[in-house]
Every structure is written in structure tokens, then in C-alpha cells.
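Top to bottom, those sequences are chains A and B. In terms of full-length UniProt numbering, the numbers along the first sequence are unbroken and rise by one, the last being 562. In terms of full-length UniProt numbering, the numbers along the second sequence are unbroken and rise by one, the last being 151.
I should point out that these hints are in silico values taken from the structure, not numbers from a laboratory. All C-beta atoms, glycine included, are put in the ideal place defined by N, C-alpha and C. Careful, some of the hints might be misleading.
Stated by the list, open to error - Listed next, the in silico EDC-like pairs over lysine to aspartate or glutamate satisfying Cα-Cα at most 16 Å (straight line):
1) Lys406(A) to Glu51(B)
2) Lys54(B) to Asp415(A)
3) Lys24(B) to Asp415(A)
4) Lys127(B) to Asp415(A)
5) Lys441(A) to Glu462(A)
6) Lys54(B) to Glu417(A)
7) Lys409(A) to Glu51(B)
8) Lys211(A) to Glu257(A)
9) Lys132(A) to Glu159(A)
Unchecked claim - Each pair of labels, with its calculated beta carbon distance range:
10) Gly459(A) to Leu146(B): 49 to 57 Å
11) Val37(B) to Glu462(A): 56 to 64 Å
12) Glu462(A) to Met126(B): 33 to 41 Å
13) Lys143(B) to Ala485(A): 53 to 61 Å
14) Gly468(A) to Lys143(B): 55 to 63 Å
15) Ile22(B) to Gln400(A): 37 to 45 Å
16) Thr36(B) to Lys395(A): 51 to 59 Å
17) Asp64(B) to Val413(A): 30 to 38 Å
18) Met126(B) to Ala387(A): 52 to 60 Å
19) Lys395(A) to Leu130(B): 54 to 62 Å
20) Lys420(A) to Met126(B): 14 to 22 Å
21) Val413(A) to Leu146(B): 32 to 40 Å
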Amino acid sequence: MWASALLIDPLILWLSKGLLPAAKTRDTYAGVGKGMGFWVFHMAGDWTVLKLPSEFLREAQTMATLADSFLADLDELSDNETDLMDEEDAEAANMEEDVDGDLADIETLNYDDLDSVSKLQKSQRYADLMQKVEDALQRDSDASNQGADGGMVLEDDPEYQLIVDCNSLSVDIENEIVIIHNFIRDKYRLKFPELESLVHHPIDYARVVKKIGNEMDVTLVDLEGLLPSAIIMVVSVTASTTSGKPLPEEILQKTIEACDRALSLDTSKKKVLVFVESRMGYIAPNLSAILGSAVAAKLMGTAGGLAALAKMPACNVQLLGAKRKNLAGFSTATSQFRVGYIEQTDVFQGTPPALRMRACRLLACKSTLAARVDSTRGDPSGNSGRAFREEIRKKIEKWQEPPPAKQPKPLPVPDSEPKKKRGGRRLRKMKERYAITDMRKLANRMQFGVPEESSLGDGLGEGYGMLGQAGSGKLRVSMGQNKLAAKVAKKFKEKNYGSSGATSGLTSSLAFTPVQVDSAFSSGLGQWIELSNPQAHAHQLGSGTQSTYFSETGTFSKIKRT
Amino acid sequence: MSYVLRTLTKKQEVDSVIRDTIDKVLVLRFGRASDTVCLLLDDFLAKSVREVSKFASVKLVDIDSEDIQVYVKYFDITLIPSTIFFFNAHHMKMDSGTADHTKWVGAFQQKQDFIDVVEAVFRGAMKGKLIVNCPLPPERIPKYQLLYKDV
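For reference, chain B alone in the conformation it holds in the complex (with noise of 0.2 Å):
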């Protein structure tokens, strides 16, 4: 748990800080606070909040609180960490080349790549799009598998 960033565990709150964000992007992290890739992704999101807090705002939200289950199941995360983005209440995706663009799961490997992506998704909603494509190269995306009913 990161003691910059707020955590959020009620569905209202949820909701209210995805309707209250004007113009910036939201960022919000699903996970546990125990888990160390979390762990890694919010020391990296605890450390660039300031610098994008111009055009972002990062929430974190804990997974394990049932209030939240409901997002959990809308957004189908199964995998820790999950973070999701959102601009002006719409659901931004994007493009990673993962199986999965509604998402980006796991950590960064750069402070400077969650940078870059949160950028990559303002640029995309300015501009009117839904889903932008990701401005990192393969290598640092981080890969996964997906299971489809355990296969």
C-alpha cells in the first residue's frame, strides 16, 4: 500500500472519482497491497503522480473488499495487478499487443513507460479515440496468459 496514494475501497467512491475527473486521465489500480508486483507497479505510480498530476490522477483500488467485486467481475480482472484508464467516464483501451486491450496487467519496468502510456492515452482521448495504440516497445510489455474457461 502506498502511503501518497489514496486507496479506494467502496463502490461509491469508485464511482465518484470516475465521474468527478474532468479533462485527466484516471488511473485506476486494481490489486492487493500485499502482492510484490503490485507493490512495485505503486512505487512507480507513487513516484510519478506529481509529474503527470496535470494531465492524471491515479487511484488505487483493493480488490479484496466486496463493494468492489462488481468492477471486478465488469472489468474481468483475474489478474493482480490490473490497471485500468479512464477519461471524462469513458473506458479508454489500448493496443499493447497483449490479448487483452482493456487492460495493461502487471508492473512497469520504467517510471518513464507509465509515463509515456499515460501520455499516450490523454493524446488518444483529446484527439476523440478510444483506444490508442501503446508507444512502448515489445520488449517492455509484460507479458501473460490468459485462460479461457482453463484452457
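Bound conformation, chain A alone (with noise of 0.2 Å):
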């Protein structure tokens, strides 16, 4: 859980505002338990490590970074060796598990007392709160016949600070546990290093360690019901295998006790998640309806409260408790995606995994929306959550369902759709070859009162209208240019006529060419500009007859004599 705060900013800033209320009781608590070494405490993810209490009580309120914190411990490393009792906490700072850890390579490893490395167990705010949850769950099996108060109990501060309490020591103990599986990995690293990749959850690894103890046979071990049986199988084939020698006994003694510690703390914190469990359905019932009294618990557990669960958006809720567990140089490509807590959800569980995204998504937003029902008592019977868990039952319900079976399209009315007529000068060229001519056009018509004549003559035969009759005004039909032709030879005249712009404004293209002038001529006059029509020579180009390979006008360049 913490992790995740840390890798989720804005988590750090509700965390923070979480937690900060009770960092006041850790002051009085602190004050109490002067003569207990130091105290180890984070905030938000900060390890703020305070040393002995004189210098606890100088330091507490500066110490906020975690720079300050290791400048000091330099310091002290010097100061304090002789102190083996209160041993330097270095390795507080060693403890740190996440991601900007390396830091923790400035500190050396040495601690060799489990005491120095959690102080959780003994510390005073640990007892008084199981002993609080203890009496609370004795009291709920004795009076678990009596009459509820009625839907929430909750306006009574004492169960609710009780719960908020609960809810940061749960995070609290999941941290120690991960300080002491790293504690007890290192020890156990000289015997079994491999088992720490096989292994990966804590409490399993802290069982494992204790039930191998220092043998070196692991057949001989029995792991029924520790872990799963195909683990169980790599863990003695790499056991036959393993580098490690046999602990010395001290060593052994040390990792047992850390075990036991971790166990502990374990059972711990299922008591408390218990507690606040049976309490959920009175503190959130809407929340607690749709996803479950233990995932609700465990959620608001890391959210650090239900005012701070219903502040957050959505796409965070879903995100709480989410695992970042990368190992370093495996593949990402099989890692799941990112949902937190809601991953333990019944509902999310019993939904097929191809939906579980959407799923998720899903169940986040409804979620959230219920939380934030619950944190203004808006409906303390839980009906709107039980709405909300119906609705999201219904909706992946639909996604489940096969698509609508395709039936043949009817056939179109026929001609009911016009044809798409194309156009283009493709098409044009086309039609011109069966458009009708000019020569046609004039057969076709006749003139008032004047005969026509006719191929065969006197009536007979195809007639030719006022084709090649006098006075239509044409001595001769000859075909004339088509419209395509029409426009390409536009084109070409603007094409040479304009130039292409470089040319200044007082230019000419009009051409210029000095004629030679007989010497009658030569009298009064000088050049004339001759005025050429770009025309004829745009139908110079278009006869085949000319040659255009050889100039008119050029000559040789070189004749060679061989």
C-alpha cells in the first residue's frame, strides 16, 4: 500500500493530510516512551529517523527530510559507536523500499539486532491499538445479538477515530513486514539466496524460512500448504543446487525471532482488517455493498480515511494498492495492468478477462461514487450501493452478450438508384468519337423551300440537306476543332505569351528581330520590331512534316575532315 502512495502523487498529499492529525498523538506517545531508544516513523513516505530521545526531543520538529536525516546519521556513526543497545539506525534508512532507494547505498548494512530494525511491535501506539480492537471485536461477539443502533453508529467519534486509527496502523504494519522481510532475506542470503526470487511474498517467505531453519536438505523439509506445489517443487530443485552454506546459530536465532515477529504482526493485522471489516458496514455500507467489506476496509486503510477516499477521482481509486512489482530486468510484457484493491473485488474476480479492464474501470467510478454517498451519510441504509452493484452487474452482463445475428440484406429495389454517371475528360474524349459532326449536323437540316439533294439523286437515297448547297456559306464542311482541342491550344497560348514572371515589367515578348533592309529602304528608316505570331509557330510544332531534330536556321557547328 505504501508503495503505491509513493509512486502516486497525489496520494502523497492526501497521506500526508491523513496522517498529520495523528502525528500529533505520536508526539504525546513519543514523550512516553523517552526510554525506548528511537523511534523509527515515517510521514508520507519520508523515513524521518530519530535518534536517542535527548536528541529526539531537539530534533523532532527539524527533521523532516530524508538529506537532514542521513547528514545526521553520518554524524552520529562517528559519535556512537561503543552504543550497541541503541544501535545507529543507518539502517532505518536502509529499510527504504522505494524507488529513490539509492540513497540507501550511502548507509552500510549492519545491523544485527531485529530490535533496531522494527520497533513497531513494541511500540506503544501498536498495544493500545489492539488492545482497543481486541476489546472491540470481544465486544462485538457478546453483543452481536443486540439490537444495532440503527444503520450507523457512527456519530460517535470514539469507534470512528477508533477506525481511522486502524486504518493507518494496517499501513503501518504492512511497512514493518516489508522491513523485516528485507532484514530477514538479508540473513537468510548466506544460506538459500535464491529463495528470496522464488518467494516473493513476505509472510510465505518469513514461513518458508522458518520451517527450512538451517537444513540443508530441503526434501527433507516439509512445505505442504506453505505454498503452492509447483513452487514447492522449484524451491527444492534449487535447494539441491543452492551456493549457501549453514547459518551460525546466533544468525539462525536472529532470523527465526524476525520470523516469528513478521508472523505476528501478520495476525495482527488480520485482527485489525477484521475489526474494521465488521465496522464497514456501518461506517460506508455503500461502499461495503459493492465491492466488499475487506477490499472497502483495505481501501480506505490507504486512502487514509473515507473524507479522503471520496475526495479522490476515480482513476486513483482504482489505482490504490496497486502492485509495482517490476522485478528489475524481467519482462513488462506479462505484467498486469493497473488496478489496485478492486482487483480482490468478487466482481472483478467472476468477470472474464478480457473485460476486466473495462470492468475495473467500471467498478472504480461506481466506487468512488458510493464513498463519496458515505462520507456525507447521505444514505446510511446502503440502498444506493446495492443500486450501484446491480447496475454494474447488469452492465457486464450486456457486455457478455453474443452481437445480434447477421441476417442477409434484401436485394435493392431495382432502378431505384440512378446510376453514378461519371464525367472528366477521360469521358469527354470518349463521347467525341460518336458525338455528331458538323457535316451531319447540316445534313440533318434543309432549307425552306430549296430541294435537297440526294445520294442517289431525284428523292432517292440518303439526303444531304444543306450540305454543299450554295449560299449556306461554306464552300467547304471541314471538320472544325473540337472543344477539347479548343482548350488545350488555349493553354498553350498562354503557356508562351506569359512568361513566368522573373522577367521585369518592360519587357516584351513581342519579338525583336533586326531585319536587313535594303539600302532603299534604309534612308529614313531604321529597325522596325517585326511583330511574329506565336500562333503559327504553335502550328509548326503540331506538323508532323517539319523535322524538328534539325534546325531550320543552325548550321554544322564542326565539320570534321577525315
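From the two separate chains plus the hints, produce the assembled complex.
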């Protein structure tokens, strides 16, 4: 949980806001716990290290940043070397699990004592809270038959405060377990280094370590029930080829002690969770109607309270509790998509894998709405939560419906859709081949009162109409230029006439040819401009008889005598 | 008998169907459900009823009922199955190279043949013709002999 808190920045804000009030109580605890050595606690992911009680009082308020704490460590390392009981806690800094843990390399790993590592179990706060939880659970089992106070019990604050404290406590316990896990792992590395990569879960690891102990032959150890059988097999196989050596007695002792500590922390965390779960129906009935009380309790715990959870946008709620377990070097192609505690709800587990992403998003959204309803105590009976759940269930079912069967399309009505006529240059050219020529047009018409000529003469055969009649104004009918050619000619003219614009405005496109003049003309006139018709040249290019390869005017440049 | 197509047994039903089909070709098959050729034809009709549904509707008429004998006499139906086309209450005739243009006698060889025939009727009818030519080649048209006064 806390790892996710570090990764998601908005959460840090919420968490810090949620935990600050608790910090005040911590100060008082610290006052009480003066004789207990040093304190380790965290604020929103910062590992603030407080040293000896005397220094605690001096430094408590100033120590906020990690860097400061480490500098302080470095100072004190030289001072208190002889003090083994209250060991220097460089190690506390080493216990950082998070991404910016490169600072941990600065300090050396030289802790020997478990107490130096994990202090939570001995803390007063822990003890108090556990006591209260026990009492409440006891009360519950005694008073289970008594009538409920009717819905929300939560106008009385102590209970609510207890829940809030339990939330933060469970977060702390989780962190503590991770620290202890690291401790165990480091110690057990001498014996069985591969185990840490095979068994990831801290509690499972602790159980396995406890079971194996100092045994060299793992096949003699019965790991049934602790691990899935596939992993047992892998563990046995790797143990047979492991490069580890048996541990010395006292280290073994410490390791077993750490395992016990981890397991007891786990059980107390479970107790806290059970307690919160039992109360969940009163605190947040709508939220627990959608997600189930266990997951709802975890979410609340991570968020730092119901109000904090309600303030979060749904996308963050979706990611609460997401484990970022990308083992370095391993492929992320198979890593799960970004789901947090919502993954553990039965709604999510019951959806087919293809729809899981959508279901997760849907659940996160609806549970955020439910949390908001709960935080304002809008619906104490939990009905809106149940309505949400029903809605979610219906939606997921709808997604799983097969698509409606495809029916064959009926044929369209004949001739109902007009044919798509094409246009364009190509079509026009094609049409020209069948267009009516001018000759035919003339032949189709007749002049009034003038008999037409015909092919066989005397009215027989095909009539010629106006073709070839005198007075029609045309000596001969020739094929006129068709429209297309006219367009082309126009374009060509423009191309030759209009220059590309690079020339200045004073130039003229008329040809300027000096013409040899006779002496008869040379008296008065000089040269004159000969106007040349560009179209004439255009036509010249078109005729096939003129040779374009050999220039009309030019001569051979060089004739070599061979 | 096809379970998809409705079979009409009363004269009044047939009347209403002919009157009420607007702007669609009405295909009336006169026949018996027990006859094999009829069944073949019915099969094709049932399969293509949805495909031509935009411009045709298909109904089956049972010639064994008494009401329908009027129609049997009117259309001179002697061979089973006989299919008669209507468009907007006009009786559409089709020249398929056989002796009888007023009806289509027999089954079809392919579903597509039936659809082609219906389309030809529709196109002709939309243009205002009352008799159309058959688009099928002669080998696909079922041949039959008509007896005239037992000759």
C-alpha cells in the first residue's frame, strides 16, 4: 500500500493530510516512550529518523527531509560507536523500499539486532490500538444479538477515530512487515540466496524460512500447505543446487525471531482488518455493498479515511494498492494492468479476462460515487450501494451478450438508385468519338423551299440537306476544332505568351528581329519591330512534316575532315 | 407447406392480399403442399422471400379449398404448381416461350432464376407494361404440354 502511495503523487498529499493529525498523537507517544531507544516512523513516505530521546527532543521538529536524516546519521555514526543497544539507525534508512532508494547505498548494512530494525511491535501506540481492537471484537461477539443502533453508529466519534487509527495502523504494519522481510532476506541470503526470488510474498517467505531453518536438505522439509506445489518443487530443485552455507547459530536465532515477529504482525493486521470489516457496514454501507467489506476496508485504509477516499478521483481509486512488482530485468510484457485492491473484489474476479479492464474502471467509478455518498452520510441504509452493484452487474452482463445475428440483406429495389454518372476529361474524349459532326448536322437540316440533293439522285437515297448547297456560306465543310482541342490550344497560347514572371515589366514578348534592309529603305527608317504570330509557331510544331531534330536555321558547328 | 410463408385458403384473404400490396410484385403460388414439385418451388420461394422483400411479396394459395376454386377457374389453373404475378392489382403476364403467358408453370432450377423473373416483372411493371419478356434462357424454363379439350 505504502509503495503505491509513493508512486502516485496526489496520494502523498492526501496521505500526509490524513496522517498529520495522527502525528500529533505520536508526539505524545514519543514523550512516553522516552526510554525506548529510538523511534522510527514515517510521514507520507519520508523516513524520518529520530535518534536517542535526548536528540529526539532537539531534532524532532527540524527533521523533515531524508537528506537531513542521513547527514545526521553520518555525524552520529562516529559519535556512538560503542552504543550497541541503541544502535545507530542508518539501517532505518536502508529499509526504504521505494524507488528512490539509491540513497540507501550510502549507508552500510551492518545491523544485527532485529529490534533496531522494527520497532512497531514494541510501540505503545501499537499496543494501545491492538488492545482497543480486541475489546471491540470482544464486544462484538458478546453483543452480536443485541439490536443494532439502527444503521450508522458513527455519530459517536471514538469508534470512528478508532477506525481511522486502525486504517493507518494497518498501513504501518504492512510497511513493518516489508522491513522485516528485508531483514530476514538479508540474513538468509547466506543460506539460500535463491529463495527470495522464488517466494515473493513476505509472509510466505517468513513461513518458509522458519520451516527450513538451518536444514541443508530441503527435501526433508515438508512445505505442504505453505506454498503451491509447483513452487515447492522449484524450491526443492534450487535448494539442491544452492550455493548457500548453513548459518551460524545466533544468526539463525535472530532470523527465526524475525520470522516470528513478521507472522505475529501479520496476525494482528488480520485482526485489525477483521475489526474494520465488521464495522464497515456501519461506516460505509454503500461502499461495502459494491466492493465487499474487506476491500472497502483496505481502500479506506490506504486512502487514509473515508473523506480522503471520497475526495480522490476515480482513476486514483482504481490504482490504490497497485503493486509495482517489476522485478528488475524481467519483462513487463506480462505484467498486469493497473489495478489495485479492486482486483480482489468478487465482481472483478467473476468477469472474464477480456472485460476486466472495463470492469475495473466501472467499479472504481461507482465505488468513488458510493464513497462520496458515504462520506456525507447520504444513504445510511446502503440502498444506493446495492443499486450501484446491480447496475454494475447488469452492465457486465450486457457486455457479454453475443452480437445480434446477421441477417442477409434484402436486394435493393431495381432501378431505384440512379446510376452514378462519371465525368471528366477522359469521358469527354470518349464521347467525342461518337459526337455528331458538323457535316451530319448540316445534312440533317434543310433549307425552306430548296429541295435537297440526295445520294442516288432524284429524291432517292440519303438526303444531303444543307450540305453542299450554294448560299450556305461555306465552300467546304471541314471538321472544326473540337472543344477539347480548343482548350488545349488556349492553354498552350498562354504558356508561350505569359512569361513566368521573372522578367521585368518593361520587357515585351514581341519578337525583336533586326531585319536586313535594302538600301532603298535605309534612308529614313531604322530597324523596326517585326510582329510574329506565336500561334503560327504553335501550328508549326504540330505538323509532322517539319523535322524537329535538325534546326531550320542553324548550321553544323564543326565539320571534321576525316 | 412452408413454415415461413403464409398459406391462404379463403377467397377474402386472397382478395385483400391482391388489393393491399402496393408497389410491390405479388407472387401467388397456387399449389398443394403435398406435391413434390410444389415443395421444390416452395423451398426456393421461402429462401428468397427476404431477399426480394423490398420489391416483392410471396404468398401461397392452397387450391384444395373450395373458396379458391373460383380463382382456379378464372386463371384456368390445371397444372401444379402455377405461379401468378400481380402488380398493384394488375395481373402481369410473362412471355417465356411457352404456350401460357398468364402464369408460370412448374418450379425453378435455381433460386437466382426466380429472383431474375421477379425483377423482370417489376421492371416492366414500373414502366407500365402488362406483359414482360422472360430473362431466362429457354433451357431453364420448365416445359409442359397443355391439353385443349383433351387433345
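Q | Hints violated by the structure (listed by number, smallest first) | A | Those not satisfied: there are none.
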